[in-house]
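Q: Next come the chains, spelled out residue by residue.
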Amino acid sequence: MKKIIFLVAILASTIFASDKIKIYFDAGGSVGGNYANIVANGAKMAAKDLGVDLRIYYSDWSSSKMINNFKKAIASNADAVAIMGHPGDNAFSLLVKKAIDDGILVTTLDTPLPKLQSKYTANGFGYVGTNNYTSGIALAKEAVLRNKLKKGDIAMVWGLLSQPTRGLRAKGMIEELERDGIKVNYIEISNEINKDPVLGASVFTAYITKNPKTKLILIDHGGLTAQMENFSKIANISADDYYIAGYSLSPATIHAVENNYVDLIGDGQPFLQGYLSVVQLALSKRYGFSGLNIDTGAGFIDNKNINIIAPLAKKGIR
Amino acid sequence: MKEKYIYQISILVILFVILTLFITTVPEVFLQSRIYISYLSIIPFSMILALSLTPLIIAKEIDLSFPSIMAVSGYIFAQSYLSFDNTFIAFFLCLGFGFFAGLFNGLIVVKIGVPSIIATIGSQFLFRGLAMILSGGTALSIMEIKESFISDLFTGRWFGFFPAQSFWVILFAVLIWFILFKHKFGNSVLFIGDNKKAANMMGINTDKTRIILFIQMGIMSSFCAVLLTLEMANWWPTNGEGYLLLVFASIFIGGTSVFGGSGTIFGTFIGAIIIGIIESGIIAMGLDGFYTRFIYGVIILIAVCVHAKILNKGKV
Amino acid sequence: MNEILNLKNAFKTYGKTQVLKDINFKLNKSEVISLLGDNGAGKSTLIKCLSGLEKFDKAELIINEKKVNLKNYDIKNARDLGFETVYQESSVGLEQEIFRNIFLGREITNTFGFINIKKEQEVSMHLLQNFLGLRGVGINPNSKVSSLSGGERQGLAIARAIYFDSKVIILDEPTTALAIKEVGKVLNFIKTLQEHEKSCILITHNISHAYEVSNRFIILERGEIKADIKKDDISLIELQSKLLTIQNEYQ
Numbered sequence: 003m004k005k006i007i008f009l010v011a012i013l014a015s016t017i018f019a020s021d022k023i024k025i026y027f028d029a030g031g032s033v034g035g036n037y038a039n040i041v042a043n044g045a046k047m048a049a050k051d052l053g054v055d056l057r058i059y060y061s062d063w064s065s066s067k068m069i070n071n072f073k074k075a076i077a078s079n080a081d082a083v084a085i086m087g088h089p090g091d092n093a094f095s096l097l098v099k100k101a102i103d104d105g106i107l108v109t110t111l112d113t114p115l116p117k118l119q120s121k122y123t124a125n126g127f128g129y130v131g132t133n134n135y136t137s138g139i140a141l142a143k144e145a146v147l148r149n150k151l152k153k154g155d156i157a158m159v160w161g162l163l164s165q166p167t168r169g170l171r172a173k174g175m176i177e178e179l180e181r182d183g184i185k186v187n188y189i190e191i192s193n194e195i196n197k198d199p200v201l202g203a204s205v206f207t208a209y210i211t212k213n214p215k216t217k218l219i220l221i222d223h224g225g226l227t228a229q230m231e232n233f234s235k236i237a238n239i240s241a242d243d244y245y246i247a248g249y250s251l252s253p254a255t256i257h258a259v260e261n262n263y264v265d266l267i268g269d270g271q272p273f274l275q276g277y278l279s280v281v282q283l284a285l286s287k288r289y290g291f292s293g294l295n296i297d298t299g300a301g302f303i304d305n306k307n308i309n310i311i312a313p314l315a316k317k318g319i320r
Numbered sequence: 035m036k037e038k039y040i041y042q043i044s045i046l047v048i049l050f051v052i053l054t055l056f057i058t059t060v061p062e063v064f065l066q067s068r069i070y071i072s073y074l075s076i077i078p079f080s081m082i083l084a085l086s087l088t089p090l091i092i093a094k095e096i097d098l099s100f101p102s103i104m105a106v107s108g109y110i111f112a113q114s115y116l117s118f119d120n121t122f123i124a125f126f127l128c129l130g131f132g133f134f135a136g137l138f139n140g141l142i143v144v145k146i147g148v149p150s151i152i153a154t155i156g157s158q159f160l161f162r163g164l165a166m167i168l169s170g171g172t173a174l175s176i177m178e179i180k181e182s183f184i185s186d187l188f189t190g191r192w193f194g195f196f197p198a199q200s201f202w203v204i205l206f207a208v209l210i211w212f213i214l215f216k217h218k219f220g221n222s223v224l225f226i227g228d229n230k231k232a233a234n235m236m237g238i239n240t241d242k243t244r245i246i247l248f249i250q251m252g253i254m255s256s257f258c259a260v261l262l263t264l265e266m267a268n269w270w271p272t273n274g275e276g277y278l279l280l281v282f283a284s285i286f287i288g289g290t291s292v293f294g295g296s297g298t299i300f301g302t303f304i305g306a307i308i309i310g311i312i313e314s315g316i317i318a319m320g321l322d323g324f325y326t327r328f329i330y331g332v333i334i335l336i337a338v339c340v341h342a343k344i345l346n347k348g349k350v
Numbered sequence: 057m058n059e060i061l062n063l064k065n066a067f068k069t070y071g072k073t074q075v076l077k078d079i080n081f082k083l084n085k086s087e088v089i090s091l092l093g094d095n096g097a098g099k100s101t102l103i104k105c106l107s108g109l110e111k112f113d114k115a116e117l118i119i120n121e122k123k124v125n126l127k128n129y130d131i132k133n134a135r136d137l138g139f140e141t142v143y144q145e146s147s148v149g150l151e152q153e154i155f156r157n158i159f160l161g162r163e164i165t166n167t168f169g170f171i172n173i174k175k176e177q178e179v180s181m182h183l184l185q186n187f188l189g190l191r192g193v194g195i196n197p198n199s200k201v202s203s204l205s206g207g208e209r210q211g212l213a214i215a216r217a218i219y220f221d222s223k224v225i226i227l228d229e230p231t232t233a234l235a236i237k238e239v240g241k242v243l244n245f246i247k248t249l250q251e252h253e254k255s256c257i258l259i260t261h262n263i264s265h266a267y268e269v270s271n272r273f274i275i276l277e278r279g280e281i282k283a284d285i286k287k288d289d290i291s292l293i294e295l296q297s298k299l300l301t302i303q304n305e306y307q
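Residue numbers (the working numbering), protein chains in the order written: chain A, 3 to 320; chain B, 35 to 350; chain C, 57 to 307.
By construction, these hints were calculated from the structure, which means they are not laboratory data.
No experiment lies behind these values; they were computed from the predicted model shown.
Any given hint might turn out to be false.
[Said to hold, decoys possible] Listed next, the stretches of chain B that the computed footprint assigns to chain C, with coverage defined by at least 3 CB atoms under 8 angstroms from CB atoms of chain C:
| id | region |
| --- | --- |
| 1 | 185-192 |
| 2 | 206-220 |
[To be verified] Below, a sample of chain B positions facing chain C; criterion: calculated Cβ distance under 7 angstroms:
| id | residue |
| --- | --- |
| 3 | ASP228 |
| 4 | ALA232 |
| 5 | GLY295 |
By construction, the Cβ of each residue, glycine as well, lies at the ideal position given by its N, Cα and C atoms.
Here chain A stands alone, though its shape is the one from the complex (with noise of 0.2 angstroms):
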């Protein structure tokens, strides 16, 4: 009796999983990455909700991962396929076509890709995700109107510019302020204090320390942004002396802005991205919806509003 009921579970879940829609999901970053990781939290809760068979991949923020990853996933019988649109337009524009034909959906997050989207918008290619340049406009413009800057006061940024689609959102950051009459004084994250925050506090004391004048500092990394309180303690400047403005709520953020170390954070919701954007592909493909464009990145988080996602951020949501 036992056999039979174990045979006939086996032959459900086959049954079952074969009428699963498949789709393979690119979380961007590395394994164990914040920002990944919320992303895929977000793409396996979608799953779960909508019973679709989910697999995710990770791409290490390269380029050519992504790509290869997402060959690796036409080649596996997705239905479906989330990348990340970093390689750009052209690099995509013969594989999506190639998936297209096959029959196998495909959309972008995190960064779009707006010939591809105009294409296929039929197909049900969409975009999920923040525009970088954009974001950092609006975190720039946000920090200005709550500081109530003006013309000639100084700004810092601390960026990643040199990167090519990441770079934007510093790139964003930079013309608002100029725009509004702001000095800039831009700093490039080397590539250690990129990895290991930690050993950015010296420049950022000597940065401090040469120009004392500075109103407005705008970080467009997240993990720097979570030391601004250490950095501001080893500096020996208290919570109030500058207007500190960055990305991506860790722990360490949320205690930094809750004391007044940082005071804005720009939110590009990432878990909205990853559970959105494999609603949509699960939609087009069983109900053959066109692509949605989905612009996630309008939060903005300060100690008014961080008691309420504080305890959201511990699990991987926010």
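Fit chains B and C to the known structure of chain A by using the hints.
A: Relative to the frame of chain A, chains B and C by itself:
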């Protein structure tokens, strides 16, 4: 012996020149104590690693896995502090991992016979992976630990300003100098790097010595992770990755030979300071961060060329 | 009590090759013997086994009239019994100071293992001046060994063995790859061994070097001792032709 002193003086001169350059171009930064306090807080991390790695390089071995050992150790420290609420348990569990990670590297290199560069490239992935698996990729915050005794002891601000980690790194430098040049263990290390066959012939247990060196590196990586986690009250999954190049640059600027058999603790000490101050100096001078790497390169090449020149002179 | 070493019925095989076949020989106090023979005659193997680097398959080894337990016989054991082997180029660390080389593995330390560097330097200075005869040439215990000439490096290793009171010093090709002037130095070092009442086993390809310093010659061929001749019984030319005859027999 004499050429060694010439070299140590020349590396000191390089540091002096760089500092003078910074002080004259940006006195408003480099005549203030603030920047030096920040150096005292930050440089000890890469310095401890470089000091610990120097004997391994002298013994003609290498360890590329220390950044990953740091990641796992830091995770163990932070997580066990959160779980047990006891800093001493956390501290010893963390160092315990360092011990076993070092032993693991040592056994693969010495007993199985895999060259250390290959073995530790492998274990570096293994440990990094372990950190990811254990943490699930999320950062840990342990802000409360700042109130603890262990935090005061290792990373507190003594007399209200002096970062304790600086004291510990100087103590470690003195200790490792004594062991390397005044203790018979150090003698074994020097000869293993110089002529392992001779060391064997003269009855040195070269296997044991090398395993101890790897264990030492593992424990000190863990200790560095403790300092780092305490200083930042935080653990994150890429912990340690940024140190790899800095540590090797410090050692080779310092004058330790990549061919093994000779090296200097003093040189590594000064090398770590040079590497530690360059980037902030460049930023203070108002230059782009893009110059940092270029100037690292210039300084490393100058130092290594001076070293090679002195070495060749010493040869008959 | 004149006999310092007595090796009886020693055998050694590598896989199927019999490298040593029933070797028997004695070594007396203050005696220098040369092991002669072609490549592959078994000289190196015999030396490696005697110095504890490898083990005999079967043998009886009597040192100072005491039977040695060959199961536990290793490098350290051999050195404790007074055997020290000096290998060409591989017995010193070139980048290290002379005093460190002399005391390698036998450092003068306190209870915590810290080296008494001053003491080591004093002894080294004494050895440099009195044994190597290096006075006022800019060489001191803190010089690197790389600043010594090839012959002097061999001399240093020999001096080290004498200082630590080795009974038997085994020299493996000490004159190969040395300039003529350097060869003279090394041969002189070997001669001084007898003054210090040390015995010596010399391995060399150069018969004239061997003839100059040895009291006795043992000719090995195909793992067997073919001749054991006192220097008084043979001239250099006779020794050369004897060696040739033995080698030709086996070709």
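Q: Compare the structure with the hints numbered earlier in the document and write down the numbers of the violated ones, lowest to highest.
A: Hint check: 1 fails alone, others pass.
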